[in-house]
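Chemist: Letter by letter, the chains look like this.
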Amino acid sequence: MSDTTITAAVARPKRRRHTLIHVVLIALSLAWLLPIVMALGFSLMPADAPGTTAYGLLPQHPSLSNYVNIWTDNPITQNLINSVIITVPSVLMVVLFGSMMAFALMRYRFFGKGIVVALMLLTMVLPLASIVVSLFRILLELGLYNSRLGVAAAYSALGLPFAVLVFRNAFDAIPDPVLQAARIDGASEWQTYRRVCLPLIRPAIAVVVVWQSMMSWNDFLLPLVAIEDNDRKPLTLVPMAYRGIFLSQPGALFAILVLISVPMVIVFLAVQRHLVEGLSGAIK
Amino acid sequence: MTRSRRQSLNAVVFMAPGLLLFAALIVYPVIYTFQASTLKWDGVNAGEWVGLGNFRDLRTDKIFQTSLKNSGLWIVLTFIPQSVIGFLLAWVLNKKIRGRNLYRAIFFVPAILSPIAVALTWQRLLDPFNGVVAQVGRATNIEFLTRSYLGDPKTAIYAAIFVNVWMWTGFSMLFYLAGLQQVETSILEAARIDGANEVQTIWRIVLPLLRGTHVTLLILGVIGSLKTFDLVYALTEGGPNHASELMPTYTFFSAFRRQEVGYGAAISVVLMLVAVIASSLLNWLFDDEARASRIQRRRLKGAS
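If you read the sequences in order, they're chains A and Z.
In case it helps, our numbering puts the first sequence at residues 1 to 284.
In case it helps, our numbering puts the second sequence at residues 285 to 588.
Wrong hints could be hidden among the right ones.
[As the list claims (entries may be wrong)] Derived CB-CB ranges, DEER-like:
1. A:VAL84 x Z:TRP568: 37 to 43 Å
2. A:GLY244 x Z:LEU357: 30 to 36 Å
3. A:PRO199 x Z:PHE428: 52 to 58 Å
4. Z:ALA389 x A:LEU96: 26 to 32 Å
5. A:TYR67 x Z:ASN414: 20 to 26 Å
6. Z:ILE426 x A:VAL265: 31 to 37 Å
7. Z:SER288 x A:VAL262: 50 to 56 Å
8. A:VAL84 x Z:THR424: 44 to 50 Å
9. Z:ASN525 x A:SER248: 25 to 31 Å
10. A:PRO50 x Z:LEU357: 54 to 60 Å
11. Z:TRP568 x A:GLU228: 40 to 46 Å
12. Z:ALA389 x A:LEU64: 20 to 26 Å
13. A:GLU228 x Z:LEU569: 40 to 46 Å
14. Z:LEU357 x A:LEU64: 38 to 44 Å
[What the hints assert, rightly or not] The calculated SDA-like cross-link candidates involving lysine to any residue, where the alpha carbons are at most 20 Å apart (straight line), are:
15. Z:LYS380 x A:THR19
16. Z:LYS379 x A:HIS22
17. A:LYS113 x Z:GLN291
18. Z:LYS324 x Z:ILE347
19. A:LYS113 x Z:ASN378
20. Z:LYS438 x Z:GLU521
21. Z:LYS346 x Z:GLY356
22. A:LYS113 x A:ASN169
It is worth saying that the hints were derived from the structure and are not from the lab.
The C-beta atom is built at its ideal place from N, Cα and C for all residues, glycine as well.
Let the sequences and hints guide you as you build the complete structure.
Modeler: Below, the structure is given as structure tokens:
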């Protein structure tokens, strides 16, 4: 009996404190969500009834018409495909090439290893903007100007140093007996990499996939300078490319902004559970 | 085949694809940028070699000085609020409270949105005529909310910084959550048994143990600030009248708007050097102590 009174005495202030925390958290989350609510609301504002309510936060006559019209009136299907054509190869390349490099750095001694690691650490901090002038000229020289794959390759190269670092930390955490067992079983180097090591670093892969797809999907600067044709531009350039149209149709603009954002939110929700774990591995 | 020869061969196979990409699209552009920075060049006709002339011009360029000052402001005024709010959120959302995954998601979501989407949304929110903030300001007679923050050269950079804080605080929160996972619960238990209250526990025990996370966030914050282009370009295009220019937007403006490729490359070189030197310096400054705190953490783990 004395036990229960003690627990009750300890538990009661705790519950009250949590109520306070919830009040603060709810208020803060609502404030934090305000821009997102406004963007979602505006995306429902039809072109023929552009009135707003609630201090300009929400449309007066919400309708889904923009989500229909952006596919027909303003053909952005192609821009959506372009974003995929840029993002998917850049993520695949960075995961594959980055993990292969990290595997080699973990496993072999070779000439120039130190230089490669040093160069990667130095260039990890390079802002895209600091090489974008040259990238533009080089893509031009390589015949990759106006090419979506050229942009994807550039993103992979930019993401490579971070990916190698994260993968190397993850590989280092694999216990030696695992690698020894693979050797005893007669696994080839490729099998050791592909079948033994890669499956063990899933959280690290999650971090790199999120980071890389965010960079490739959301970026705006590189296609701005490296892609000329409107029908090869990714979604992020659509608001600027068709600025004139959107001036009279803010609803359609916000529908497109929502469309740009949805895939990354899905990616995030899919890997959310691995993310904290993967990060604590990465910052160790 | 000798063992070391076989190792080298394997290494080549595994390194080649990534290294090729890296050499062509990172190393070569860096060299190219340094080379271009010594030219007076419009990008069309052959450039004229001017040595360090572009850098000499930078020293007296008012816009460049603004961009340097803005970068400094950006680093300080984003890092501090993002870390403080981010840590407090992480501390609270590391407790077993109901709906914590939802809260975490809400605060983190802005960080994964495209800067373009964020910028255009905030542009509308802060619009002095139709924006929510100004309309609320007019309805409540709070004059201070009705100003044109992005349109005023005095406030544009601060408005952009504010938007950046909204966007990236959740990212700091996530890093602190990851850091808190590594703090042994037994240490916190011991502190509680010794009668430490929550503030003391945070101040004396948790924050020092999270030193590695602070340093990581500081370095990421500095690099992130120097990388910022999209958000500012979409919010203000570096304006009005270059008041919110950062080095990346000014590079872009020089090379692609004013067709001064050599001058743009010179700004790029400064940007590269600042990024590399700042991050190396921070790494070097904090590395020894970070190692010491790691050892200490291991000792504490062993003792408990």
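Chemist: Work down the list of hints and note, for each, if the structure agrees.
Modeler: We went through each hint and held it up to the structure:
1. A:VAL84 x Z:TRP568: 37 to 43 Å: At roughly 41 Å between Cβ atoms, Z:TRP568 and A:VAL84 fall inside 37 to 43 Å, so the hint holds.
2. A:GLY244 x Z:LEU357: 30 to 36 Å: Distance hint for A:GLY244, Z:LEU357 holds at roughly 34 Å.
3. A:PRO199 x Z:PHE428: 52 to 58 Å: Since the Cβ atoms of A:PRO199 and Z:PHE428 sit about 57 Å apart, the hinted range of 52 to 58 Å holds.
4. Z:ALA389 x A:LEU96: 26 to 32 Å: holds, 29 Å
5. A:TYR67 x Z:ASN414: 20 to 26 Å: holds, 22 Å
6. Z:ILE426 x A:VAL265: 31 to 37 Å: holds, 33 Å
7. Z:SER288 x A:VAL262: 50 to 56 Å: holds, 51 Å
8. A:VAL84 x Z:THR424: 44 to 50 Å: Holds, since A:VAL84 and Z:THR424 (Cβ atoms, about 45 Å apart) stay within the stated range.
9. Z:ASN525 x A:SER248: 25 to 31 Å: holds, 28 Å
10. A:PRO50 x Z:LEU357: 54 to 60 Å: Given a distance of about 37 Å, which is not inside 54 to 60 Å, the answer is violated.
11. Z:TRP568 x A:GLU228: 40 to 46 Å: holds, 43 Å
12. Z:ALA389 x A:LEU64: 20 to 26 Å: holds, 25 Å
13. A:GLU228 x Z:LEU569: 40 to 46 Å: Holds, since A:GLU228 and Z:LEU569 (Cβ atoms, about 44 Å apart) stay within the stated range.
14. Z:LEU357 x A:LEU64: 38 to 44 Å: Check passed, 42 Å falls within 38 to 44 Å.
15. Z:LYS380 x A:THR19: Holds, at roughly 13 Å.
16. Z:LYS379 x A:HIS22: At roughly 12 Å apart (the allowed maximum being 20 Å), A:HIS22 and Z:LYS379 satisfy the hint.
17. A:LYS113 x Z:GLN291: holds, 12 Å
18. Z:LYS324 x Z:ILE347: Judged against 20 Å, a Cα distance of about 19 Å means the pair holds.
19. A:LYS113 x Z:ASN378: Violated, because 40 Å separates the two Cα atoms, which is more than 20 Å.
20. Z:LYS438 x Z:GLU521: holds, 15 Å
21. Z:LYS346 x Z:GLY356: Holds. Z:LYS346 to Z:GLY356 sits at ~16 Å (cutoff 20 Å).
22. A:LYS113 x A:ASN169: Within the cut-off at roughly 16 Å; holds.
Violation of the numbered hints given earlier is confined to hints 10 and 19; the remaining hints are satisfied by the structure.
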